[in-house]
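*Asks:* Sequence:
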Amino acid sequence: CKRENTVTLPRLWRNDDRSDYEVCPYSGTLSKHNKSTLTNHNGDTFVIEPIEGGHCRISGDVVLQQEGGICDVENDCASGLGCKKVEKFISACQRHCGRLRYAPRMVKACKRNCDHLTCQANDVE
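Per my numbering, the very first residue in the sequence shown carries number -1; after that it's consecutive.
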C-alpha cells in the first residue's frame, strides 16, 4: 500500500467460491494503534481496526456483498440485504448445472455448489 500498489484481499467461502476486495491504493490516514477509516480508489469506504494478537478487523462498504452475493452471516451483506437461503435461486442454479455438458460427477459438484446462503432484499423469501 505504501508504494500505491493495488492490494486485494481474498475471502474464501464455505463452498470454495472466492471474493476479492481491493483495499489499496487508499486515501485517508492509516493509524497503527487506532481505528482508521479509509477509501479505496473505487470510492468504497472501509475501516481497519486493530485487534488482539497484532491482527486487524476490516469492515465497511468495500467488504460487503451486494444482492445475489454469497454470504455466511448478516454482516456479510450490504445495507438493506439479509443473508438467506432462497430455494428459487438454488433451484435455478441447479437447473443450470443440469444443462451443462459436464461429466456426471461434475454436474453433481456444480449442483452441490449452488446450495448456499446469498444476500437478498429483506422482502425475498
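For the record, the hints were derived by calculation from the structure and aren't laboratory data.
Please note: incorrect hints may appear among the correct ones.
List of simulated lysine-lysine pairs, DSS-like, C-alpha gap at most 25 Å [said to hold, decoys possible]:
1. Lys86 with Lys106
2. Lys109 with Lys82
3. Lys109 with Lys86
4. Lys82 with Lys33
Computed beta-carbon distance windows for the label pairs [said to hold, decoys possible]:
5. Ser17 with Lys83: 14 to 24 Å
6. Val105 with Glu2: 17 to 27 Å
7. Glu2 with Gln64: 39 to 49 Å
8. Arg97 with Ser29: 44 to 54 Å
9. Leu98 with Glu72: 48 to 58 Å
10. Thr37 with Val105: 12 to 22 Å
11. Arg12 with Arg55: 13 to 23 Å
All residues carry an ideal CB built from backbone N, CA and C; glycine is no exception.
*Asks:* All the hints need checking, so say for each whether the structure fits it.
*Replies:* Okay, the hints, checked on the actual structure:
no.: 1; hint: Lys86 with Lys106; verdict: holds, 18 Å
no.: 2; hint: Lys109 with Lys82; verdict: holds, 18 Å
no.: 3; hint: Lys109 with Lys86; verdict: holds, 13 Å
no.: 4; hint: Lys82 with Lys33; verdict: violated, 30 Å
no.: 5; hint: Ser17 with Lys83: 14 to 24 Å; verdict: holds, 18 Å
no.: 6; hint: Val105 with Glu2: 17 to 27 Å; verdict: violated, 45 Å
no.: 7; hint: Glu2 with Gln64: 39 to 49 Å; verdict: violated, 26 Å
no.: 8; hint: Arg97 with Ser29: 44 to 54 Å; verdict: holds, 52 Å
no.: 9; hint: Leu98 with Glu72: 48 to 58 Å; verdict: violated, 32 Å
no.: 10; hint: Thr37 with Val105: 12 to 22 Å; verdict: violated, 43 Å
no.: 11; hint: Arg12 with Arg55: 13 to 23 Å; verdict: holds, 20 Å
Violated hints, listed in ascending order, are 4, 6, 7, 9 and 10; each of the other numbered hints is respected by the structure.
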